[in-house]
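So the protein sequences, as listed, match chains S and A.
Those letters in the first sequence? Residues 1 to 236, per our numbering, in order.
Those letters in the second sequence? Residues 237 to 476, per our numbering, in order.
I should point out that these hints are in silico values taken from the structure, not numbers from a laboratory.
Note that the structure is a prediction, hence the values are computed from the model and not measured.
Honestly, I wouldn't trust all of these hints.
As the list claims (entries may be wrong) - On the chain S side, residues computed to face chain A include the following (Cβ under 8 Å):
id	residue
1	R157
2	G162
3	L163
4	G164
5	E177
6	V218
Unchecked claim - A few chain A positions that, by computed beta-carbon distances, are all more than 12 Å from chain S:
id	residue
7	L337
8	A387
9	K401
10	T410
Glycine included, every Cβ here is placed at the ideal spot set by N, Cα and C.
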Amino acid sequence: MTSAEEARTRGGRRTGGAEPDVGVGRGEATRNAILDVALRLFAERGVTAVSNRQIGAAAGKGNTSVVGYYFASKADLVRALVRRFNTRANVAREARIARLGKTPDLRDWVGCLVHPYTEFLNTEGPLTWDARFVAQVLTDPALRAIAVEEASTQSLRRTLDGLGDCMPEMPVRIMRERSRIASHVIVQMCAEREHALAEGLQVHPQSWDEVATGLVDVIVAMWTAPVTAAEDDSAG
Amino acid sequence: MNGRRRPSPSAPQSRPGATAGIADRQLTRHYAPRVPNLDAAGRLFAEQGARSGRRFTEPTGPCGTTLTSRQFGTTVDLVRGITHRFTADVERARAGLIAELDEAAGLRDWLRCLVFPWTDHFDRQGTPYFSRMCAQALPDPRLRAVVTEEALASPTFQHTWSALKHCLPPMPATIAVQRGEIAQQVIVRMCAERETALATGTPTMWSSWRGLGNGLVDALASIWTAPCTTGQEGQRCDIG
Chain S
1 MTSAEEARTR GGRRTGGAEP DVGVGRGEAT RNAILDVALR LFAERGVTAV SNRQIGAAAG
61 KGNTSVVGYY FASKADLVRA LVRRFNTRAN VAREARIARL GKTPDLRDWV GCLVHPYTEF
121 LNTEGPLTWD ARFVAQVLTD PALRAIAVEE ASTQSLRRTL DGLGDCMPEM PVRIMRERSR
181 IASHVIVQMC AEREHALAEG LQVHPQSWDE VATGLVDVIV AMWTAPVTAA EDDSAG
Chain A
237 MNGRRRPSPS APQSRPGATA GIADRQLTRH YAPRVPNLDA AGRLFAEQGA RSGRRFTEPT
297 GPCGTTLTSR QFGTTVDLVR GITHRFTADV ERARAGLIAE LDEAAGLRDW LRCLVFPWTD
357 HFDRQGTPYF SRMCAQALPD PRLRAVVTEE ALASPTFQHT WSALKHCLPP MPATIAVQRG
417 EIAQQVIVRM CAERETALAT GTPTMWSSWR GLGNGLVDAL ASIWTAPCTT GQEGQRCDIG
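Assemble the whole structure, with the sequences as input and the hints as a guide.
Following this line, the structure appears as structure tokens:
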């Protein structure tokens, strides 16, 4: 339980400012409204550049300190958004894993990594903010720690285990490096496309599904590429 | 150091000309008096981005967040200035690598010409910030245009890029565009990650920049030559 949730459980005894109405249902609706607005502002302006006050104002709350009532810190707010996103992507991933054949190969597992993400963006779209938010969270060292803590859904663990089983032998260092590359490729390319769609720019390929196929192609090739750089050549 | 602004962002910039020497001289005249603050502001932008609000976790450093706007007018000016100087700095190294190649040069040779001048330059800098600055700039269309424009102004980059494209297997245009964007993201993000690790004293994956450079060449070669599937899942188109 986050500190904000604890504060709420204890009852609204915060001082200063009018008490937001947190009647059952209405409190949940307010919390969701804050999450929606925060996601949008974070994606468009940057997680670090947006204040709780701006979020409160954009959510149409007369009392702009309302955000602090639901989320004790910005880290809590980011964590709640990451958790909400993971929960949704998890549903698509579970379904895809259930459709796998008896002996899934590397390409199947990479598909389980990529497609749930693009399917989610396709379903939520045409305009989404999640990919840009996730991209920021995964590139900012402080925020990334939150994402890593939250990234323990069972479907993701199962996918990563499956990937590991299909991976050719390679030094641990190379394996880690290629995992990072795969993560950047998925996250950044989705964020780029989402941004282009938001700006009304032309995007190619046409569909999220084609994007996913293109990403799976390069990630499979990259992960199985011959290793010529096993030695850490420090001559240069 | 005075507080006057640089000329407006639309003022003509010196470009790397036919030789790196000309570019160097122009750069020196244009930017040298402000280099300490160009670096201070660039590093600040690389580490924090163009933030309007307070920092996320750490207290404000001694530079103050208004340094960028006070000294360099706009973030566009700042990113242009730093990219311009960086591009000129790596020009000679890339020319040297190109000179070693003959007609038999293949994709991996040209990828080395693309990547090594950058990683070697970072190696000489100690705690570089250029990749982190690019990582901050890429999501912003204006800043991305500035970075691309400055990079494309380099004759050796143009030469390398067009030679590299000739080594690629045939593929649909949209796939080629997608892979170009992937390659850019991979280089910038992986170098930025190493920069962050060096700056914060956390362990790096490779003990040297060349180590990362070699890893990137492997990864980029496989990304560019990956068999491609188009349309519905499972339908392959022949390349390579």
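Subject >> Hints breached by this structure >> reply: 1, 2, 3, 4, 10
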